[in-house]
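J.: Single-letter residue listing:
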Amino acid sequence: MTSPDGRATAEADTPFGPVTVDGDVLLANVARFGRLLRQAGMEADSGQTAIFGRALALLGVSRRSDVRSAGRAVFVRRREDIRLYDAAFDLFWRRRAGPNELSDRLPRLRQSERRERPADPADPSSQAGPDEPLAAVRPGAASATEEIRTADFATLTAEEARDAEAMLEALRPRLPLRRARRGRLARSGHRPAARAMLRRALATGGEALRWRWLRRTERPRPVVLVCDISGSMERYSRFMLRFAHALQRSGAPLEVFVFGTRLTRITRQLRVRSPDAALRRVARTVVDWSGGTRIGESLHQLNRRWVRRTVRSSAIVLLVSDGWERGDPALLAREMATLRRSCHRLLWIDPLAARPGFEPSTVGLRAALPHVDELVPAATVASLEELGHRLEAL
Amino acid sequence: MPQPADIDAVQSAFAARGYVADRDLATAVFLSLALGRPLLLEGEAGVGKTEVARTLAAVLGGELIRLQCYEGLDVNTAVYEWDYPRQMLEIRLLEARGEAKSAATRDIFSEEFLIRRPLLQALASHAPEPPVLLIDEVDRADEEFEAFLLEILSDFAVSIPEIGTIRAARPPRVILTSNRTREVHDALKRRCLYHWIDYPSAERELAILRARLPQVPAALAREVVAFVQRLRTADLTKAPGVAETLDWSAALLALGARRLEPEQVEHTLGVLLKYQEDVGMMRGGGARTILDESRVGARG
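Those protein sequences? They're chains A and B, same order as listed. In this text, residue positions in the first sequence follow my numbering: the first is 7, and each later residue adds one. In this text, residue positions in the second sequence follow my numbering: the first is 613, and each later residue adds one.
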C-alpha cells in the first residue's frame, strides 16, 4: 500500500511536535487537538485523549497518515463524524500556531459540514412568541376550549392556535405495544418455564411440584412520523410537529422526518423537553420549509437511507401530507409500496380529508392510497387526540 | 505468532492469509491489540467485517470464539447456563445411592454442570494465546444486552452466584461488528476503538479477488470488479458487498465463463443483488448498460 504522506518528516512538519518524541510537548499537543475536536462538535473526552496519547507513543509521529488513522480509530464513533474529524485534523496540521487562531476558524469548519443553510428559516414557533410562556388554557372556558379542540387548524386565530398548541402539549398518546421475545415468569402463562421449574425442583428433591410459566411480555412498538412541511401544509405542519413532540415525550421509540423537496431527519432535534425549544431546533435544521413538494423523491430517500436503520419492520409509520405532489406519481406509488412492505402499519394522515365532501383527488393521494392501510383525517386537536389513543390498537 | 510489532506487520500478516487490509484498518487493528481495547467495526453488509476477526485469530494463533447477536439474546445463551437435565440425573443417582442428604448443593452447582456459552468460554480460556472474541452484529441484540456487554468489556469478568467470579487471566481480543441497523449505544462505543469499513477501491477489490480466488482468469476478474464497482454507483436498495463479488466470481467460474457475457450476467444477477426491485431494474437492460459502461471505464 502506498502512502503519499509517508515521507520522512522534517521537524516542523509533524503536528504533534518534533520527530523525536518529547513526552510533554506531545501530550500538550494531544490535549490541544482534543480541545479542537470538542470545539468542532465531536465528543472527545479526556479518556479518549489519553488513549490517543498512548497510541502516538506506540506509533511515533513520523507518518502523518498513521497519526490520522490512529486518531480516527480513537475519536470517531460514527461514520458521519469521519469527515469532520478529517477536516479538524487537516486544520490542526496546517496551522500549528496559537490555539486562539484555531478557534477563530472553527465556526467555518462546522458549517462546511452542514449543507447550505436556510436563508430565512420559517420558524414555526416564532408566531407563537417562542420566549413568552404558553398561555394556559383558560379555566372555566370549557365551551371555548371545546370549540378550539374541534376547529380546523387552518381556521384558528393566533391566540386560539396557542391554546391548541397547549392542548397538544398536554396530550399523552397511548403507546402501541408489540409482543416481545422474552417472557416473564408467572403462575400462569403460555409456555412452561423449564429452567425456573427445575431450579425450584432442587428444593423438593428433584420433584417439580409447582408449574411455572412464562407469560408473554410486550415492548413499545416504534413509531415513525413523516411530515410534509411544504407550502400547502403550512397551517398544519407546526401542529403536527407538536404532536410528534408529545409522542416523543410519551416514551415510544420515535423517529421523525420532515420533507418538502428533500427529506430531513429531525429525531435528535426533537429530543429536548420543551416543545418550543424542540421546534426552534427543528427550524434551524430544515432548509426547505414552506416550499414545493416532492413526496415520491422524499420517500425514496427514506426507503434507501433510513428504513433499514431506523424504521424496522415492527414500526407504525404515520405519513402526514395533503398529497399535493409536484413529482412523478408513479415514483410515489412505487416508494409507498416499498415502504408498506417494510413496516407494520402505514397510515396516511391527511388534514384535508376532514373537510365535508372530501374526495381523494390530489395526484399524490390517489397514487398512494392503494398502498396505505388507512386514511386518517386529522385537522383538529380532537382528531389528533383520537389518533394518539388509537395507536395502541393498531 | 506473537503480537505484530507495528502496522506493517499487521498488514503483511493479514495479506499472507488472504485478507487485503488498507493501512487505515491495519492501524485500527494494531492499536486495538497494542492498547488492549475492543475494536468496533461498522460497514455495509459484506465488506469483510467478520472476516477481520477470523483472520486476526489465524494470525495470532488464538481460538476464534463467536457470539452471534439477535434480538432476545440473553445471559443464558451468551454467558452460561446450568445443565439442568444432568443436574437432575445426578440428584436421582445420589438418591438411589441414599446420599442425597449428605450431598451439598455445591456438588451440583460445580463447574462440571456448567454449560459455557461464548462469553464465558472467552473469559475462562486457559490457552497459551488468548482467544479472539467476535461479537457479531451487535446492533441486532437489544439494548439490555448491550448494557450487560458493556459490563463484561470493562472488567472482563463475570460472576456466577453459585461459583463466584470468573476473571479472564488474559483478556481476550475483542472485535465487535455492526451493520448499523440501529445506532450502537454511545457508552459501548466509548469502550471501543472504531473503524468504518468502506467498499474497497477497484484496485483493492481486484487484489482481494485475486487473493481469494486465484483460479479466476485475470481478464474475467478485472471485468467482474469493474462491473461491480460501476453497479455500486447505481441507485440500488442494497449495493453488492465484497462477499457478493466473491460469490459471483465463483458462480461465473463454475459456469465456465472466461469473459463477462450480457446474457450470463443477467442469469446470475441473483448472486449479486438480493432485492427483487434491484434485480428487476437490472434485468430490463440495466445490466447491459452497466456492463458497457464498465468496459468503457476499464479501457479509458
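FYI, nobody ran anything at the bench for these hints, they're computed from the structure. Please note: incorrect hints may appear among the correct ones.
Per label pair, the in silico range of CB-to-CB distance [to be verified]:
| no. | chain 1 | residue 1 | chain 2 | residue 2 | range |
| --- | --- | --- | --- | --- | --- |
| 1 | B | GLU711 | A | ARG187 | 39 to 47 Å |
| 2 | B | SER813 | A | ALA56 | 29 to 37 Å |
| 3 | A | GLY237 | B | GLU795 | 28 to 36 Å |
| 4 | B | ALA621 | A | ALA202 | 30 to 38 Å |
| 5 | A | PRO383 | B | GLU763 | 31 to 39 Å |
| 6 | B | ARG803 | A | ASP96 | 22 to 30 Å |
Far from chain B by the CB rule (all over 12 Å, computed), these chain A residues [unchecked claim]:
| no. | residue |
| --- | --- |
| 7 | ASP51 |
| 8 | LEU64 |
| 9 | ARG241 |
| 10 | VAL278 |
| 11 | VAL313 |
| 12 | ALA343 |
These numbers come from a predicted model, not from an experiment. Positions of the beta carbon are idealized from the N, C-alpha and C atoms, including for glycine.
J.: With reference to the structure, classify each hint as holding or not holding.
T.: Do the hints match the structure? See the list:
1. B/GLU711 x A/ARG187: 39 to 47 Å: holds (41 Å)
2. B/SER813 x A/ALA56: 29 to 37 Å: holds (34 Å)
3. A/GLY237 x B/GLU795: 28 to 36 Å: holds (33 Å)
4. B/ALA621 x A/ALA202: 30 to 38 Å: violated (51 Å)
5. A/PRO383 x B/GLU763: 31 to 39 Å: About 49 Å separates the Cβ atoms of A/PRO383 and B/GLU763, which means 31 to 39 Å is violated.
6. B/ARG803 x A/ASP96: 22 to 30 Å: Holds, since B/ARG803 and A/ASP96 (Cβ atoms, about 28 Å apart) stay within the stated range.
7. ASP51: violated (8 Å)
8. LEU64: violated (5 Å)
9. ARG241: Fine: 34 Å to the nearest Cβ keeps A/ARG241 off the interface.
10. VAL278: holds (17 Å)
11. VAL313: Given a closest Cβ separation of 9 Å, the condition is violated.
12. ALA343: violated (9 Å)
In terms of the numbered hints stated before, the structure departs from hints 4, 5, 7, 8, 11, 12, listed from lowest to highest.
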